[in-house]
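Each chain, letter by letter, is given below.
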Amino acid sequence: MHILVCIKQVPDTKIIKVNPKTNTLDRSSAPAILNPYDAHAVEEAVRLRKIYGGKVTVLSMGPPQARNAIRKCVEIGADEGILISDRRFAGADTLATSYALFKAVEKIQKTDGVDLILCGKHAIDGDTGQTGPGVARRLGIPPLTCVIRVEDVDVENRTLKVHRKVEEGYEVIASTLPSLLTVEKEINEVSWAPLPNMIRAARYEPSVWNVDDLDDVDIKQLGLKGSPTIVGKMWPPEKSKGAKMISGDPADQTVAVMKIFMKEQELFTKAGRKN
Amino acid sequence: MGDRFDVIVVGAGPAGTSCAYTAAKSGLNVLLIERGEYPGSKNVMGGILYRKQMEEIIPEFWKEAPLERPVVEQRFWFMDRESMVTSSYKGLEWGREPYNNFTVLRAKFDQWFASKAVEQGALLINETVVTECIVEDGRVVGVRTDRPDGDVYADVVVLADGVNSLLGKSLGFHKEWKPDEVALTVMEVMNLPKKTINERFNVEDNQGVSIEIFGDSTQGLLGTAFLYTNKDSLNIGVGTTLSGMIKKKLKPYHLLEYVKTHPMVKPYLEGGETAEYLAHLIPEGGYKSVPRLVGDGVVIVGDAAQFVNAIHREGSNMAMSSGKMAAEAIVRAKEIGDFTERTLDHYRKELYRSFVGKDLKKYKDVTHTFEDHPQYMADYIPMLNKAANKFFTVDGSPKKQKQSDIIKGFTKDKGKITVARDLIRAWKVMK
Amino acid sequence: MRVNIDDYRGVWVFMEQKEGQLLDVGLELLAAGQDLARKLEVDVCGVLLGDGVKPLTNQIFEAGADKVYVIDDPILKFYRTETYMKAVGDLVRKYKPEIFLYGATSNGKDLASAVATDVLCGLTADTTLMDVNVEKRLFEASRPAFGGNIMATILCKKHRPQMATVRPKVIKRLPPEPGRTGEVVEEVITLKEEDLKTKVLEIVKSSKKAVNLEEADIIVAAGKGVKDAKGFAMVAELAEAMNATLGASRDVVEAGLCGHERQVGQTGATVTPKVYVAVGISGAIQHLVGMQNAELIVAINSDREAPIFQAAHYGIEADAFTVVPMLTEAFRKELSREPAGEETEETEGVTSRG
Ligand SMILES: Cc1cc2nc3c(=O)[nH]c(=O)nc-3n(C[C@H](O)[C@H](O)[C@H](O)COP(=O)(O)OP(=O)(O)OC[C@H]3O[C@@H](n4cnc5c(N)ncnc54)[C@H](O)[C@@H]3O)c2cc1C
Ligand SMILES: Cc1cc2nc3c(=O)[nH]c(=O)nc-3n(C[C@H](O)[C@H](O)[C@H](O)COP(=O)(O)OP(=O)(O)OC[C@H]3O[C@@H](n4cnc5c(N)ncnc54)[C@H](O)[C@@H]3O)c2cc1C
Ligand SMILES: Nc1ncnc2c1ncn2[C@@H]1O[C@H](COP(=O)(O)O)[C@@H](O)[C@H]1O
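Protein chains in written order, with the working numbering: chain H, 1 to 275; chain V, 1 to 431; chain D, 1 to 354.
So that you can see chain H by itself, here it is in the shape it has in the complex:
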């Protein structure tokens, strides 16, 4: 079984700073990391390969530094990595990203065949979760989002079953191979990579493709040009005035805050607890 995992390198949003003058992100302030959800996708692919055999390839679109994110996937156990990198991809929104990834998948399919595609639930920078379903639609294969479990992959009859997380619990869905899955963090724990993987990853050079390496590409659908959405303006989220501090010793504070709470007394008495 050949499993393809789409992965993205993202700035660590925990550390990123916003330049207060230009309201743009100071990308240099945050280290680039493998999108945490994608690590789970790779882990899942490696887990499935252990059961069903085959190969795991990761695919990423991004600048040359994204090679490091691919290496991280090799640490987790991916066999191969492909980076599509080209100025002409730059400025892509999810629609244009899904087009570029789709073209790369087509090319991989030609030589290797692809049985399953995994994506993260969303990328922590753009935070949209739209890329995966977009790729699936373009490939004409079923997208299964919010997956928390994969079971019963039947490579021969080309079927699988997954659990999709929904608000009220989960759905069990039967689908066909190939399908595209976007995975939640609950799906697995990313394991502690063995040393040989680490060494292999440190040495690993992913293949890098540019636009010309892909077949029949409609340049107009790529990058900024191919992106229907544009960012109008950016601004830092409004800082509130800050809390009114309740002073006094803890007993005073308790009394004071109870007064505030008790303005809504019914709210607390009505049996509205949902846990």
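To be clear, the hints were calculated from the coordinates, so they are not data collected in a lab.
A hint or two may mislead.
[Claimed, not checked] Calculated lysine-lysine pairs in the DSS-like style (CA-CA distance at most 27 angstroms, straight line):
| no. | chain 1 | residue 1 | chain 2 | residue 2 |
| --- | --- | --- | --- | --- |
| 1 | D | Lys158 | H | Lys233 |
| 2 | D | Lys136 | H | Lys233 |
| 3 | D | Lys224 | V | Lys251 |
| 4 | H | Lys165 | D | Lys86 |
| 5 | H | Lys50 | D | Lys197 |
| 6 | H | Lys107 | D | Lys197 |
| 7 | D | Lys172 | D | Lys67 |
| 8 | D | Lys227 | H | Lys244 |
| 9 | H | Lys225 | D | Lys136 |
In this text, all values refer to a predicted model and were calculated from it rather than measured experimentally.
Starting from the known structure of chain H, fit chains V and D with the ligands onto it as the hints suggest.
For chains V and D with the ligands alone, coordinates are given in the frame of chain H:
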């Protein structure tokens, strides 16, 4: 048995990376193992990088390395509770090529430096802890890591694992450091706008200041505090020997708080936001504490070998030089095809011939002397301040009278003989 | 694909339903849709898909829709991307709305992404603010990006429809207008079950009482400041006394004090309760994006500088270990509820539950 390397270097600090860089550049197959998320992520340093030794590894590194500011002014403060005597040198030539030294943030610098070693062909592995050396027939043949399938083998293992060097200890190269062989240093990186720093320290964008603070900064303990300017942050820290802290029952952060709120220091930090808080040991045992450096298939470099000049706060430079010399010895051993202690001992010999050995030897008694004689910190700096106060206070008494009062003041509490003896002792250890 | 944008008129809202029940988020979005539609002088329309769902149209009109597009077919009984994308895509191609809003639920996001690729238009995820430039008929969808560190307005100038997903509870519902009606437009779907690749075999509702932070009116959340299981139990007790749902910061979840289902924030639940009490939570941006829209935020923290005090309405600078038990006590008295269960130990209020 999986991969095999010519050299495994444990620790991607200045020592380890220099070694890996030099060895890889000579064509050896090098594995550099770092426990942090990336090189520098856990490393602590006041922040002065010396140009000379770095340049011996990467010529003209300043054109590319992530440096903060070249230091153009070095100040010394001898502080009392409410006063200080200062001396300083400012030289604008230090702000030009080839520079003297630089302030750096290790998290950035180490990462860059390691990437240069990778460019030379070294393999860098992060987030991996070496738990022990693999020893066969008394020879170190590889290392064991905390990862699954975590053993890896090499002709030589270089221990560059920093001041605690658990690995050196487990090989029996040295014992647990005694509390007077290590200083505990705590520091903060405080963000402050570039413009404010320039105004406050009287420098321009590409000029930095280093301030070494003696006296009341350590509440009379042996040690110093420091204040360095980065591009848009300050490094403020203080360190004293562990033994001193234990004796005085001081908590490191109390000491740092004390320095930060000291009336002489506080105005410089006004408005700064703490970005990082770090604590780290510095090996300050000096010459007498240097452990065994070489064994069969293993050498030990940098802080792990106690190569720090406590007086001049030099450490990273000694680390780099020792790493480089170790690599050169290993390259030579590779040529001969012999990795026994006898061949690798070349490293030890070269090291003692170099400034590292010479400086360590020169100051070999300093720490111990000052540790044994707390009066230098506790008494003489306040005296100096009193003297200056007397001399410069315009109160109508003639200068000549003042001078003789000062001398009397110096010797009154202790007696002339004690003071003279202290001076001679200080001269002897420092000369 | 360039489209003639003048062909596109009207504001649509996807009315997600489950087992014949409309989700709140769709009804909320009708309020936003109505606002946009009034400005643009067009209709706001609901899009309703399912099996036997026609009776729901009344509720949709009462919540503010002028028109409802319905496809009622057994094949649409459960949400499946395949069928829903086809149905919605066909509607869009036929009736050409200019703006199309979806709830940012599991299914809503899935559907919107697929439709956007199907009809090749722009899609803005997790929108929190909406407006429209009437003159250019340009939809301005604003959303937090980069973990909430910045807000960005996303525009889509040359493609239609302009689509967005919106998180539940970001918009306030309009009060229903009983008796309000509108036009029902019925359409059919041409897919056959045999041709489909996916099948919903089963829907498993969480057996243990599902933690539903998103829907909770009162949340008491514990942060790393509660230190350990004992501290966490103390906060759990306050939640109990307040009739609240228990939440947590990521660090608490990662410390293993409770399950991920209780996590509030960027990688957990986005919540909009009426009351949110944060105990020992520093207020990292990733946490704040998940709870800053709560109506009343009270923070208890021993560090006056903690950023949570920026986001909170009321702040209590105090040691949680002193204040929380007092609050628990006060609530019990106020709501005159005895400590629940007999296993409660009196000492320091540690219970075996939690
Ligand atoms: C507060 C402070 C201020 C200082 N100021 C200066 C100054 O201004 N100028 C100066 O030149 N020197 C200064 N020094 C000294 C200087 O920091 C050190 O001498 C220098 O960093 C030593 O380099 P090293 O490579 O030997 O060790 P380190 O820099 O400590 O590097 C050791 C590396 O090994 C890694 N490691 C350790 N154990 C393992 C393991 N088991 N497996 C894998 N990896 C491991 C560590 O993560 C680390 O990256 C200062 C020190 C301190 C603490
Ligand atoms: C990609 C990414 C996604 C993330 N997603 C989320 C997310 O979804 N949700 C989330 O919560 N976090 C998330 N985080 C983590 C987030 O950045 C913070 O690390 C986390 O929220 C901190 O949790 P905390 O406030 O409980 O702990 P801390 O930051 O450790 O804060 C503890 C607080 O308790 C206070 N305190 C200590 N003792 C007491 C006492 N006795 N009484 C009262 N107060 C006390 C302290 O002053 C401090 O403010 C994410 C991070 C990343 C990188
Ligand atoms: N540039 C990219 N290269 C490869 N995969 C991507 C890229 N962008 C997004 N993805 C995949 O799509 C998922 C969702 O991303 P997003 O739609 O940006 O939230 C990610 O978790 C990845 O699996």
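For this session: Given the hint that Lys165(H) pairs with Lys86(D), test it: the Cα-Cα distance must not exceed 27 angstroms.
Result: 22 angstroms, holds
Exercise. Taking 27 angstroms as the top limit, are the C-alpha atoms of Lys158(D) and Lys233(H) close enough?
Worked result: 17 angstroms, holds
For this session: For the pair supplied as a hint, Lys172(D) and Lys67(D), confirm whether the alpha-carbon distance does not exceed 27 angstroms.
Result: It holds: about 20 angstroms lies between the C-alpha atoms, which stays within 27 angstroms.
Exercise. When you check the alpha-carbon spacing of Lys225(H) and Lys136(D), does it fall within 27 angstroms?
Worked result: 21 angstroms, holds
Exercise. Lys136(D) and Lys233(H): Cα distance at most 27 angstroms?
Worked result: 17 angstroms, holds
For this session: Below or equal to 27 angstroms on CA atoms is what counts here, so check Lys107(H) against Lys197(D).
Result: 23 angstroms, holds
Problem set entry | Pairwise hint evaluation, Lys197(D) against Lys50(H), where the allowed Cα distance is 27 angstroms at most | It holds: about 26 angstroms lies between the C-alpha atoms, which stays within 27 angstroms.
For this session: Could you grab the alpha-carbon distance between Lys227(D) and Lys244(H) and see if it respects the 27 angstroms cut-off?
Result: 26 angstroms, holds
Exercise. Given the hint that Lys224(D) pairs with Lys251(V), does the C-alpha gap stay at or below 27 angstroms?
Worked result: Holds - the C-alpha atoms of Lys251(V) and Lys224(D) are around 24 angstroms apart, at most 27 angstroms.
Every hint, counting from the list given before, is met by this structure.
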